[in-house]
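A.B. asks: As a plain string of letters, each chain reads:
There are 6 protein chains.
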Amino acid sequence: MNREDVLEKQPGKDELSGCRSEQNGRVSTGIKYLDDITQGGFLCGRTYLVSGTPGTGKSIFSLQFLMAGLAEGDHSVYVCVNERPEDVVFTAKSLGWDLEPAVSAGKILFLDMSPFFSRSAVINHNRYERRGTDVNIRKFLIDLDKYARNYSAKRLIIDSINLIMPGTHESRAATAARELVISIEQYLSCTTLLTFDCWKGSGKNEIHPIESYVSGVINLQLVEKSGCFDRVMWLKKVKATVVGSEAHKFIIEPVDGITGLRAPAANGRLFAREPNDDRNRIVRQEVTKEHTAVLVKE
Amino acid sequence: MNREDVLEKQPGKDELSGCRSEQNGRVSTGIKYLDDITQGGFLCGRTYLVSGTPGTGKSIFSLQFLMAGLAEGDHSVYVCVNERPEDVVFTAKSLGWDLEPAVSAGKILFLDMSPFFSRSAVINHNRYERRGTDVNIRKFLIDLDKYARNYSAKRLIIDSINLIMPGTHESRAATAARELVISIEQYLSCTTLLTFDCWKGSGKNEIHPIESYVSGVINLQLVEKSGCFDRVMWLKKVKATVVGSEAHKFIIEPVDGITGLRAPAANGRLFAREPNDDRNRIVRQEVTKEHTAVLVKE
Amino acid sequence: MNREDVLEKQPGKDELSGCRSEQNGRVSTGIKYLDDITQGGFLCGRTYLVSGTPGTGKSIFSLQFLMAGLAEGDHSVYVCVNERPEDVVFTAKSLGWDLEPAVSAGKILFLDMSPFFSRSAVINHNRYERRGTDVNIRKFLIDLDKYARNYSAKRLIIDSINLIMPGTHESRAATAARELVISIEQYLSCTTLLTFDCWKGSGKNEIHPIESYVSGVINLQLVEKSGCFDRVMWLKKVKATVVGSEAHKFIIEPVDGITGLRAPAANGRLFAREPNDDRNRIVRQEVTKEHTAVLVKE
Amino acid sequence: MNREDVLEKQPGKDELSGCRSEQNGRVSTGIKYLDDITQGGFLCGRTYLVSGTPGTGKSIFSLQFLMAGLAEGDHSVYVCVNERPEDVVFTAKSLGWDLEPAVSAGKILFLDMSPFFSRSAVINHNRYERRGTDVNIRKFLIDLDKYARNYSAKRLIIDSINLIMPGTHESRAATAARELVISIEQYLSCTTLLTFDCWKGSGKNEIHPIESYVSGVINLQLVEKSGCFDRVMWLKKVKATVVGSEAHKFIIEPVDGITGLRAPAANGRLFAREPNDDRNRIVRQEVTKEHTAVLVKE
Amino acid sequence: MNREDVLEKQPGKDELSGCRSEQNGRVSTGIKYLDDITQGGFLCGRTYLVSGTPGTGKSIFSLQFLMAGLAEGDHSVYVCVNERPEDVVFTAKSLGWDLEPAVSAGKILFLDMSPFFSRSAVINHNRYERRGTDVNIRKFLIDLDKYARNYSAKRLIIDSINLIMPGTHESRAATAARELVISIEQYLSCTTLLTFDCWKGSGKNEIHPIESYVSGVINLQLVEKSGCFDRVMWLKKVKATVVGSEAHKFIIEPVDGITGLRAPAANGRLFAREPNDDRNRIVRQEVTKEHTAVLVKE
Amino acid sequence: MNREDVLEKQPGKDELSGCRSEQNGRVSTGIKYLDDITQGGFLCGRTYLVSGTPGTGKSIFSLQFLMAGLAEGDHSVYVCVNERPEDVVFTAKSLGWDLEPAVSAGKILFLDMSPFFSRSAVINHNRYERRGTDVNIRKFLIDLDKYARNYSAKRLIIDSINLIMPGTHESRAATAARELVISIEQYLSCTTLLTFDCWKGSGKNEIHPIESYVSGVINLQLVEKSGCFDRVMWLKKVKATVVGSEAHKFIIEPVDGITGLRAPAANGRLFAREPNDDRNRIVRQEVTKEHTAVLVKE
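Protein chains in written order, with the numbering used here: chain X, 1 to 298; chain A, 1001 to 1298; chain U, 2001 to 2298; chain Z, 3001 to 3298; chain L, 4001 to 4298; chain R, 5001 to 5298.
Derived from the structure by calculation, the hints contain no laboratory data.
For clarity, every value in this text was computed on a predicted model and none was experimentally measured.
Here a beta-carbon is modelled for each residue, glycine too, at the ideal position from N, C-alpha and C.
A hint or two may mislead.
Pair ranges (Cβ atoms, derived) [unchecked claim]:
#	chain 1	residue 1	chain 2	residue 2	range
1	A	Ser-1171	U	Thr-2259	45 to 51 Å
2	A	Gly-1025	X	Lys-146	57 to 63 Å
3	A	Val-1223	X	Arg-172	54 to 60 Å
4	A	Arg-1149	U	Gly-2025	51 to 57 Å
5	U	Gly-2025	A	Ser-1171	53 to 59 Å
6	X	Val-255	R	Glu-5170	50 to 56 Å
7	U	Arg-2149	X	Glu-170	43 to 49 Å
8	X	Arg-149	R	Glu-5170	32 to 38 Å
9	R	Ser-5104	L	Lys-4225	32 to 38 Å
Isolated chain X, as found in the complex (with noise of 0.2 Å):
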């Protein structure tokens, strides 16, 4: 292939029917409700998005990614952008779970993000002038290549992306974003999950491009009514998945985390079809043995 081509002709049979997903199922999110509407989980090898605004939970999300890992004894890495690694395992503890033994015994590696950020001025007093701070997202896929390429881990997490990528509206977001999955995809294999702060106005509204490359958009709300907030989840997006399209309150609690609050109405379909709807009725056939589970008869 020509360096300069935009294009490139179709891959062999074999490349296609040998895809990642359908070999390796899916894996289990953390958060058991997510799992049960969505037939199991992150389909494997495949790249996530967890967005909202600051304090909706997405760490915590990330964390219980983690646990379920250990819990199947996967190996994780945990790219700390936001927070530095013992916050991580501090809020953790705050929860009732326990990081440190797992970290000793190398199950999880932390990747730190905060000395980029704090090998600042403070350190050398006669050189204070403004260097280039924006990350270089080539540089990132480097550095996370370099240190996680041999780890053999099964799932990756980077709390968040915010930094190391270009802004919303950033003309050149969306070919950075395309960048980053599919080289995260291509070179390690493993189950990502990605978070984003949303920074204008609620994540409803606010949609960075990376969420036509990632193959599910998980969006955290907290959502007002009469002065008080509820926690709220929506699945914007699932590919090859069969899933409801509504939201869903849930809680956080310490030992459960989040949890859903209360059975999805219309749990196992694309669309949740009105009461009345003589479809409702219809036994559908199952699709694939292993990655779309029997539809509810009712």
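With chain X's structure known, arrange chains A, U, Z, L and R on it following the hints.
C.D. replies: For chains A, U, Z, L and R alone, kept in the frame of chain X given last:
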């Protein structure tokens, strides 16, 4: 014609009467409901846009358009921008559609843009400075021409055009959009489906200039309704087609894919009349035998 | 007059009384309903704007203005920017209108801008760097003058002006708009219909500066009403014309094209009075015999 | 005073007491309704702004201000920016007003800006590169001074100021606006009416900085009300004038032009009191004989 | 202190206890209603902002602050940016207030910024190229210092600050605002009233950074209410003052000027309690004799 | 670690378990109500943000945090950006709090940024050209380190961070915010309160990227309710703390300062359950003795 000219005099009479659409009729969209309300589907040789925010079903729409081509024996070219070909095949399989035989038989040609984005930092550790990553739309058109010209495809799908087009509000977006449509329609003799990812609020309010140059625009939405989300399809624009102006609810299900939920109230008319409008009883004459079906007599 | 002057003293008395509009009266818009409520249609020699988002019916409006010219024996120039001439002809045919005889008879001159946009990459594979593609409005006016000056057209249609004008919010848009209108009205002696594609929300809120310089602005809209969309026409501005200020529902149908749905409530007045307003009974005198019809006596 | 100074010390006592407005009283606006609610019209020697979106009646307002000057025997200068002088004359005629005798008698001096814009490409085919077309406001003021200084006009109309001013949100708009008003008021001894075309949403929300420097702002609106549009006038600001703060409905009709529809509820007061407010019964003393009329005693 | 330092260590104890406000108490705002609800008016030596769209009464507020100074025998400096001094005098006269004796007696010093703007094109015909017209805020402060330092003014009014400050959303606006306030408060020992013209929507939503650095912000509004407009004053911020948080209706009338319409519901408290709140009956102790009055006992 | 590295491998086990928060527990916020609902106040060694528009009470919140430090015998550093130290002292006095003894005793160290802004034009008349006035955040951090490092402060207050940070929507704001938090937490061992002035609409909608990097965000609002304004506090985010998600009304009064108005409905839980939710009766186990209190048993 002078190379500097902006305008060109009218083509001769033969060219005018020999237009593609009239000769070739319409092709199925792959969605029976849509074929029903558009007198047979898309106009041959024209370009259509399916727009919507991530997760509204644009890729599934594309797959159905592709499946319809298989059913009619057409050769199709599928340009993968958002996903890799193997992921497209997997999504199809999760819906119960097996594309692999058609790929093997040479009925579907996947053109993959992923390598353009992944051919990146991770490979060459010592070279990570940012090169320009904007896709040159003319280079894209050259590549498309190179791979597709001799394939005699009847259908072309580009999912999605965002990474090869300037953004909605860039001043050069309109010119690039005009170039894309005119180049495809003039050099590749196929009916084309373009998808467009809306990243700014709902697709209802974001209008990309390309909507002025394609022959039809179908907008997919998720409409909130007391915490639940309805899937809705809206035919914003359909050239040379008698069609109602209402929003259509639909569901996505394995095997059937996108399915219109109920019969449209005012099928077969450009304007949904009010019930007590006398003109509803007027019988309209057939306009042209092939392209506009007899209008309903009530 | 000094070339540097910004202002020029008033023209002599003869020029003032010899203005085109007074001598030539009005010409039919092609839409009976619109002719009825505007005392006969558009003012001769003036410029009008039809605006709306894609799919609201601007091209069909243009076609009807063209058909009205045919009916009155006028020569017309149709500048194709959004579509190719053959597509315009096909859309007309789908509505039951055959333009080909008139084209053959030299009654309609199509000027095509497509080649300007398609004269692109695909032809010369080895030359795909981006050339400037912005259309120079002065070059456009020179070409228009070259082809149209000796054709003695009575009607001019440009569908649409977007690609030849700076965008709504560019600071030079107002100056370019003033230039376009003044140049057409001064050098080509015809009544002109310009269409404008609204790309930012509904046309109701987006106001292009050209609206200040044309003699009339007609805005076409699709208004949502419980999941359905009504077609509505609004006369935002009509110079020297006594007209009501309400929105008018319309339908688009084969053969009849755009048709106003019901008689306007307050036809013939600039202000729609309230029913119990005493002044409704006042009989107004005819102002000038030819241009403003006798006002309704109730 | 040093040329570099930003501030200058107060003028002597004579200058302060000799201010134009006090000596010359008020002049009719041409709209009886408006004269009634402003104690006689505009302050002599001051500048007023009439703003509104295209089609709200700004040019007709300008014409009525011009007609009022004719009735009072004033010489007037009318600067045509949006239209040509012959179109202004024709619009007047369509309303039943014949301006030609006054033009012939030298009572009205039209200054035309059209040639500045039309002196363009079509004439010189071989020279179509874009020259700067931004109007230099200082050059405009020099030209205005050159033609108008010796004409001893009492009234000046500029319809509209948009093409000679930076846009609403440009940072230099405020400075240019201050310059325009101060230059006109200092060098030309006339009462001035400026019109301003609102291009961003309704004029209610778009505020051009010039509103801070003129002595009054009258905003014309079309207010939607169940599919119909009411014409409404709002006195956003009137310096040194006791006036109510309500919106006034009006109509436009031949012969009478702009006419207020009903007597204002709270004429003669800056604040529309609530009916049961005791202070309504207080009798206020006359402030100055000439400029503020006796306030209503209820 | 090093010239490069950003921070400086705390001042000595004497400086802290010797602060101006405590020694000088409060000065009347000129509006009795406002003095009543703020325990005596503005803090001596501090800076206050009156903001609002054009026509909301900022200049009349300024005049009343000036009149209050005259009543208390203060010398005042009035910086005219929006109007000429003679227009300020005339507006005062139209309200029944004669400023001329005080000007003659040297009690009021007008500093006029008009010449800076009018010193323009019309005078020198052969020199009309645009010079920079942005006002340098430091040059403004030097001039202000030059004219005002030896005048021993107790009150300073700048109507308005817009032309001497960067706009609301310019990044350097916050720094310039901090500089303006600190420079006035440090070098001129007077209580200062600044006005600010809101040009972007209502003042309620547009917040200029200077609001963070002044000791109080009073926003004037015109609030629409069924076609009529109420005048409303809102104390957005008042440092070191116990004041309620409600909006206050007011009227503007000759002689009395701005007058609060009714007694505030919750005078004397920072928070307007709900009627059935038990704490309403608690008697609070006086805090400091001079500055915070005894709170109401109910 | 290579200076070029973006990522760094996990710290050793000791570092992880030795994190500050766990060892030091929590410190009082100075607001009893807030301490009650957060299991004791702020986490030691962490950074918190108090945001709000001008006049919402951020400075009074800061003062109460300072007073709480005095009560606990802590040394505190107060960085004055918006006001001068003497104004802070005066505001405290107006609320009944005397800071001077503590300042004299060396318990409070004021660092003043005013000289940086006032060191301006007025002093040197012949030198008024604009020097760069943007505060270099690294220089700020060096100065802060220089004055504060040996003071062994337990509490740090910066009121406010706006003048030392890029604006909300500047692309480098996120990076600068990350640097500020990481530098303070790493080099100064204190609990930090930052205030942030919201200048774009209400603080509810404006989200500064720093909210992603601090351990808690408290937003203060003035909420309009029929012409009156309620003071409301909202805990948008609180790391490692079990807290309800409702808005809390509060009042500001002399002596008591900020006081929560009523007991929170759902104290002690991250999610405010609905009354008829069965899970309300479940008794949760204590998670860690020190940091998360026993949850309420109902």
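A.B. asks: State for each hint whether it applies.
C.D. replies: Now the hints, each set against the structure:
The supplied range of 45 to 51 Å is broken by Ser-1171 of chain A and Thr-2259 of chain U, whose beta-carbon atoms lie about 37 Å from each other. At about 58 Å, the CB distance of Gly-1025 of chain A to Lys-146 of chain X agrees with the hint of 57 to 63 Å. Taken as a hint, the range 54 to 60 Å is violated for the pair Val-1223 of chain A and Arg-172 of chain X, whose Cβ atoms sit roughly 32 Å apart. At about 55 Å, the CB distance of Arg-1149 of chain A to Gly-2025 of chain U agrees with the hint of 51 to 57 Å.
Distance hint check for Gly-2025 of chain U and Ser-1171 of chain A: the Cβ-Cβ separation is about 40 Å, which falls outside the suggested range of 53 to 59 Å. The given range of 50 to 56 Å is broken by Val-255 of chain X and Glu-5170 of chain R, whose C-beta atoms sit roughly 41 Å from each other. Here the CB-CB span from Arg-2149 of chain U to Glu-170 of chain X is close to 47 Å, well matched to the stated 43 to 49 Å. At roughly 35 Å, the beta carbons of Arg-149 of chain X and Glu-5170 of chain R sit within the given window of 32 to 38 Å.
Judged by the Cβ atoms, the range 32 to 38 Å given for Ser-5104 of chain R and Lys-4225 of chain L is violated: they are separated by roughly 55 Å.
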